[in-house]
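Engineer: Turn these sequences into a full structure, and let the hints guide you.
Below are the chains, spelled out letter by letter.
There are 2 protein chains.
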Amino acid sequence: MSHAGFHVAIVGATGAVGEQMLKTLDRLSFPIASMKLLSSARSAGKKITFKNEELTVEEATPESFEGIQLALFSAGGSVSKALAKEAVKRGAIVVDNTSAFRMDKDVPLVVPEVNEHALHEHNGIIANPNCSTIQMVAALEPLRRDYGLSRIVVSTYQAVSGAGVNAIDEMYEQTQQLLNEEEIEPKVLPVSGDKKHYQIAFNAVPQIDVFQENGFTYEEMKMINETKKIMEDESIKVAATCVRLPVETGHSESVYVEVEKEGLDVAKVRSLLEEAPGVTLQDDPSNQVYPLASEAKGKDPVFVGRIRQDIDEPKGFHMWIVADNLLKGAALNSVQIAFSLVKLGLLK
Amino acid sequence: MSHAGFHVAIVGATGAVGEQMLKTLDRLSFPIASMKLLSSARSAGKKITFKNEELTVEEATPESFEGIQLALFSAGGSVSKALAKEAVKRGAIVVDNTSAFRMDKDVPLVVPEVNEHALHEHNGIIANPNCSTIQMVAALEPLRRDYGLSRIVVSTYQAVSGAGVNAIDEMYEQTQQLLNEEEIEPKVLPVSGDKKHYQIAFNAVPQIDVFQENGFTYEEMKMINETKKIMEDESIKVAATCVRLPVETGHSESVYVEVEKEGLDVAKVRSLLEEAPGVTLQDDPSNQVYPLASEAKGKDPVFVGRIRQDIDEPKGFHMWIVADNLLKGAALNSVQIAFSLVKLGLLK
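Chains as they are written, first to last, in UniProt numbering: chain C, 1 to 348; chain S, 1 to 348.
Note that these hints are calculated values from the structure, not bench results. Do not rely on the hints blindly, as some may be mistaken.
Since the list can't tell identical chains apart, any single copy or any two copies may satisfy a pair.
[Stated by the list, open to error] Simulated pairs of lysine to any residue, SDA-like, Cα-Cα distance not exceeding 25 Å: (1) Lys196 / Arg270; (2) Lys228 / Gln309; (3) Lys196 / Gln176; (4) Lys196 / Asn214; (5) Lys261 / Arg151; (6) Lys268 / Asn123; (7) Lys299 / Glu181; (8) Lys315 / Tyr218; (9) Lys47 / Lys195; (10) Lys23 / Asp169; (11) Lys261 / Arg144; (12) Lys105 / Asp312; (13) Lys85 / Leu347; (14) Lys196 / Asp284; (15) Lys237 / Asn180.
Source: prediction; values computed, not measured.
Structural biologist: What follows is the structure, given as structure tokens:
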């Protein structure tokens with residue numbers, strides 16, 4: 001990467017994902033000429049150190065994007081809806097980590113290991129998929145490519161950091177209160193702003209995001225719809241049950257998948273995943289080797305293990321997929337999209 | 001129940017399940033003439049209060065069962081293998097909560113709401129199924145009976161109390177250590193006696209019991225094999241992924257089920273479950289009503305919610321099934337078997 005650097009803005013710089021975006025840009029040496037940190041009015045004025053320089057977070061306005069070439073958004077869907085097109089109007093390419101534009105026909109939804117080519121179709125905005133979707137499609141893409149996918153049934157085990165810093169704080173505070181045998185008063189989870197709040201410490205809560213008319217949550221529908229869009233195949237049957245756990249960071253997924261072609265076995269799945277970009281195989285049952293959220297935290301790959309062939313269905317396979325939801329599930333994937341844009345000559 | 005009472009023994013009286021067996025016998029007023037508490041040599045001598053009487057736990061030996069009519073075993077498979085037949089030889093009926101005899105052709109494996117009639121075939125020993133299996137078959141039996149089942153795919157969210165008192169202690173101690181930012185040293189979970197131990201606090205561990213050659217754990221194979229035996233249908237395709245969580249008591253399950261006949265919808269599933277014995281429906285998404293482990297603890301029913309029809313497969317349904325693993329998953333089911341034995345005239 002010999003480019004002298006780009007003028008970059010991060011919208012939502014004070015959030016859990018924004019913090020990881022900054023760290024990841026630095027760690028992977030993305031070429032940066034200038035960095036602007038933006039947020040809501042509430043967080044404006046905060047100081048954040050980036051590359052040994054203290055930056056002041058500014059309130060994001062349409063004018064903030066003058067001169068910006070790349071804007072990474074992660075400040076909630078309403079902020080993206082209000083400002084992403086303003087940024088594009090001023091010449092920036094937007095990589096948006098919210099759900100605002102993901103299902104928009106004119107917006108590519110990209111996991112670089114799966115559909116980098118879709119970036120060519122962008123109209124200024126590129127959407128970063130939902131965290132749970134990213135790690136699943138990254139792990140299943142090698143199977144889809146060589147054997148086709150007919151069916152996915154996924155149950156998730158999701159970390160609270162996906163719901164933001166307030167959710168992390170609530171989990172730790174509530175855990176200590178329960179250990180002290182004190183009363184708890186849930187206020188954030190399962191969904192900030194929803195009518196009821198439930199205990200997350202020492203519990204498993206089968207609600208992430210609000211409910212739709214059909215009984216599925218939006219999080220579940222994101223996994224269903226985004227998987228089909230990223231894999232460019234509306235015929236894959238996808239079903240999801242999304243569950244929040246008292247885990248800080250690291251989403252785990254129990255995935256059942258049926259392939260179209262015959263002839264796949266566990267050894268072949270392992271060898272496909274060993275060669276897959278962005279995937280690390282951790283699958284040695286006899287030595288109790290399998291992915292764990294506690295181990296995946298802070299790491300880039302999507303970890304896959306517990307691979308078994310279904311006992312009744314020879315084209316069916318089970319696996320356990322784990323990734324850091326703030327990294328591959330969010331910040332890392334956004335930064336990878338930025339690198340892909342440079343590589344493809346779409347950002348220059 | 002007008003019987004003057006039976007001579008009852010509990011083997012494993014000092015364990016997490018044994019404690020609940022005593023409480024449940026008392027709470028449901030099972031007719032008891034005498035109560036003998038048995039355990040391994042290690043726990044012998046402990047005092048336990050039952051119905052305002054202090055009882056001393058004795059070491060279980062073959063002779064312990066002289067005069068016993070009903071023996072409830074929950075002290076591990078090796079104890080059951082060594083002593084259950086000795087108890088039967090001395091005239092007792094054994095209800096065994098371990099996996100020792102569950103798949104034995106001559107031993108009925110019973111969830112009273114599903115296959116109480118199988119008790120007639122007993123030869124002295126009746127097996128109590130695996131905790132995860134019990135709650136699942138209790139919830140699915142009404143669907144099987146009226147629509148037939150072709151496929152079950154289940155992912156579990158299991159509590160540590162299923163692994164015993166040491167596992168509960170480890171979870172709480174480890175949680176406090178992590179909150180204090182101290183080093184942890186896992187020694188019990190995921191499987192006491194296995195080679196490696198992993199962090200359970202703030203984590204999700206995809207191993208319960210040891211691994212089989214086919215990559216499934218024994219816990220997963222228990223769910224697969226026991227479901228077919230209890231439902232008396234080898235043709236049902238069952239697949240399971242079993243995961244341990246930092247929850248004290250209360251197993252949750254994400255279940256995908258396909259029925260054989262057409263015509264089932266969510267309203268009909270709800271009405272079938274509303275009428276099902278032992279099942280409580282908690283399913284009102286618009287008011288965020290669904291089962292939670294934290295609410296199920298200490299309660300008898302199997303709670304079911306999050307019922308949705310699959311988007312692609314009209315005969316496919318998703319649901320979230322939660323129960324207290326020490327009660328319906330173990331002690332309560334064993335006591336229900338005892339009541340059924342009396343009702344059917346098999347214990348008199």
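Engineer: With 25 Å as the alpha-carbon cut-off, assign the pair Lys105 and Asp312 to within, between, both or neither.
Structural biologist: between (39 Å within a copy, 22 Å between copies)
Engineer: How do Lys237 and Asn180 come out at 25 Å by Cα distance, when the copy is not named: within, between, both, or neither?
Structural biologist: Neither: 46 Å inside a copy, 45 Å across copies.
Engineer: For Lys196 vs Gln176, is the C-alpha pair at or below 25 Å within one copy, between two copies, both, or neither?
Structural biologist: within (21 Å within a copy, 28 Å between copies)
Engineer: For Lys196 and Asp284, with the copy left unspecified, which applies at a CA distance of at most 25 Å: within, between, both, or neither?
Structural biologist: between (42 Å within a copy, 13 Å between copies)
Engineer: Please sort Lys228 with Gln309 into within, between, both or neither, judging by C-alpha distance up to 25 Å.
Structural biologist: both (23 Å within a copy, 19 Å between copies)
Engineer: I want to check one pair: Lys47 and Lys195. Are their C-alpha atoms no more than 25 Å apart within a copy, between two copies, both, or neither?
Structural biologist: neither (34 Å within a copy, 48 Å between copies)
Engineer: What label fits Lys299 with Glu181 when the C-alpha limit is 25 Å: within, between, both, or neither?
Structural biologist: between (35 Å within a copy, 20 Å between copies)
Engineer: When Cα atoms must be at most 25 Å apart, do Lys196 and Asn214 count as within-copy, between-copy, both, or neither?
Structural biologist: within (20 Å within a copy, 43 Å between copies)
Engineer: How would you classify Lys315 and Tyr218 at a CA-CA limit of 25 Å: within, between, both, or neither?
Structural biologist: This pair counts as between: shortest inter-copy Cα distance 22 Å, intra-copy 29 Å.
Engineer: Is it within, between, both or neither when you check Lys261 against Arg144 at 25 Å Cα-Cα?
Structural biologist: within (10 Å within a copy, 31 Å between copies)
Engineer: First find the shortest C-alpha distance between Lys261 and Arg151 inside one copy, then the shortest across copies, and answer within, between, both or neither for a cut-off of 25 Å.
Structural biologist: Both: 12 Å inside a copy, 21 Å across copies.
Engineer: Pop the pair Lys268 and Asn123 into one bin, within, between, both or neither, using alpha-carbon distances up to 25 Å.
Structural biologist: Intra 39 Å, inter 47 Å, cutoff 25 Å: neither.
Hint compliance for this structure: hints 6, 9 and 15 are not met, and every other hint is.
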